[in-house]
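Here's the letter readout for the chains.
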Amino acid sequence: EAGVAQSPRYKIIEKRQSVAFWCNPISGHATLYWYQQILGQGPKLLIQFQNNGVVDDSQLPKDRFSAERLKGVDSTLKIQPAKLEDSAVYLCASSPLGAPSYEQYFGPGTRLTVT
Amino acid sequence: RKEVEQDPGPFNVPEGATVAFNCTYSNSASQSFFWYRQDCRKEPKLLMSVYSSGNEDGRFTAQLNRASQYISLLIRDSKLSDSATYLCVVEGSGGYQKVTFGIGTKLQVIP
Chain A
59 EAGVAQSPRY
69 KIIEKRQSVA
79 FWCNPISGHA
89 TLYWYQQILG
99 QGPKLLIQFQ
109 NNGVVDDSQL
119 PKDRFSAERL
129 KGVDSTLKIQ
139 PAKLEDSAVY
149 LCASSPLGAP
159 SYEQYFGPGT
169 RLTVT
Chain B
149 RKEVEQDPGP
159 FNVPEGATVA
169 FNCTYSNSAS
179 QSFFWYRQDC
189 RKEPKLLMSV
199 YSSGNEDGRF
209 TAQLNRASQY
219 ISLLIRDSKL
229 SDSATYLCVV
239 EGSGGYQKVT
249 FGIGTKLQVI
259 P
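Protein chains in written order, with our numbering: chain A, 59 to 173; chain B, 149 to 259.
Hints are not guaranteed to be accurate.
[As the list claims (entries may be wrong)] Here are some chain B residues pointing at chain A (derived, C-beta under 8 Å):
id: 1; residue: 192
id: 2; residue: 246
id: 3; residue: 251
Rather than coming from a laboratory, the hints here were simulated on the basis of the structure. We treat Cβ as the ideally placed atom computed from N, Cα and C, and that holds for glycine.
My request is simple: use the sequences and hints to build the entire structure.
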């Protein structure tokens with residue numbers, strides 16, 4: 059079974075530029091999560107989708123971050139404009155509908171460096 | 149107080165040693181608890197769930213103390229391959245089960 063796919067794996071941008079990350083969850087997984095993991099910290103949930111609806115985006119900095127999940131499959135996370143403090147690994151995870159939240163399968167992440 | 153607190157370590161232990169990590173949580177209504185493992189520069193992976201009655205999987209034992217609001221992970225006979233960061237995860241109550249990750253405890257097993 060294919061895992062969660064993410065691209066790009068690495069991205070370096072200058073502050074105030076824009077960037078977008080892509081995630082393709084495990085086939086059939088209805089729930090998709092985006093996390094931000096800053097070096098030395100645990101993953102912080104940015105947004106959670108169930109199919110193409112948003113379940114929780116309370117920790118998403120909506121002035122600069124946006125995410126969408128069209129057709130309830132793959133998803134994109136965008137940052138515009140980026141700040142130095144956005145340097146982090148952005149992890150996408152998915153889980154099957156009906157599974158407890160903990161059964162999350164993570165992708166390899168996108169490592170973002172903002173200079 | 150943070151929702152989930154862990155000692156970031158690092159815990160440096162020799163091979164064969166027994167090591168234990170604790171994790172405290174602030175929300176007494178939390179329903180479910182888990183340990184994830186994260187290798188350096190890799191994604192987190194579920195290690196085990198934590199049940200009220202305790203949970204054992206080979207060399208790993210997880211326990212929950214609701215009265216004191218902490219969970220623990222015990223690793224016996226440590227292997228070099230156990231070197232990783234161990235993330236405590238707490239799931240809240242209510243219709244939407246929010247999951248919160250701790251900062252993680254780094255374990256380094258030394259030959």
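Status of the hints after comparison with the structure:
{"no.": "1", "hint": "192", "result": "holds, 5 Å"}
{"no.": "2", "hint": "246", "result": "holds, 6 Å"}
{"no.": "3", "hint": "251", "result": "holds, 5 Å"}
Checked against the numbered hints above, the structure violates none of them.
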